[in-house]
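2 protein chains.
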Amino acid sequence: MNRLTPIALALAGLAAALPAAAQFQKPEDAIKYRQGAMFLQAITFGRVAAMANGRVPFDAKVINENIELVATLNKLQFAAFIDGTDLGNTKAKPEIWMQKDKWNAKVAKSQEDVAKLVAAGKTGNIDPIKAAVGAVGRSCKSCHDDFQLE
Amino acid sequence: MNRLTPIALALAGLAAALPAAAQFQKPEDAIKYRQGAMFLQAITFGRVAAMANGRVPFDAKVINENIELVATLNKLQFAAFIDGTDLGNTKAKPEIWMQKDKWNAKVAKSQEDVAKLVAAGKTGNIDPIKAAVGAVGRSCKSCHDDFQLE
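Chains as they are written, first to last, in my numbering: chain P, -6 to 143; chain A, -6 to 143.
In isolation and in its complexed conformation, chain P is listed as follows (with noise of 0.2 Å):
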């Protein structure tokens, strides 16, 4: 047990009923969803990090019900990264499911990252979300440069 393990059993949690492979008819559909999830975390973690950084106003009802919606993202995203997905129209490395320690600890990064943002967002103060835009940031280009081809 480490301190990763309770976030690494909310993610698991995330499909309880049923076992992944179940979750989607094929594996294509795998594939295509965790696309549309990742894309739109990126458009809706732009809309933090704009107002984060001051290119938009600051609202801070509005940055948390997209940071809301950037956690909940980034858990479909990770559920979708099932076994029998490696194959076909991705840009996902094989090193994710050869390297599943490495893989687990970046998606606990990754959701660890996030839940910090949520809580800073909850702060209703710019600077704390802020900094915990940057780390979130950091924590995506760490996972994409190890894990996502060019």
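I should point out that these hints are in silico values taken from the structure, not numbers from a laboratory.
Any copy will do: because identical chains look the same in the list, a pair fits if it lies in one copy or spans two.
Quick list of in silico lysine-lysine cross-link-like pairs, BS3-like style, CA-CA up to 25 Å: (1) K19 to K134; (2) K84 to K19; (3) K54 to K68; (4) K68 to K115.
Using the hints provided, position chain A relative to the given structure of chain P.
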């Protein structure tokens, strides 16, 4: 003012902080965003329907989580049918932007049927959920029949 007004207001509130077009940097982003939201919604609604129709064992907690997710994705999808996104890689018919009243009524009906599904989910009973699932399915089909290219 008619009985759809509260729903129309709720929809408008989604993008309250910025003019709709400013929420997306490029028209193709809005198109890809709504396609992603619609695909995630289809997969999630499929899980709800499978449980409501007895193809998967009923679990009140899981079906409620999926119903709430359908409601979120439904809002995201409709927030991206903004002006200037009628051309490009889209199956959206130009009628969406040419018959605004008809389109808005279909959107309102969809949101209303989804709100009823959310309420049915909270009962924890399969029968009202099954009925509400049927209504949402018909709502989806009705809009696709009129406004989606084959």
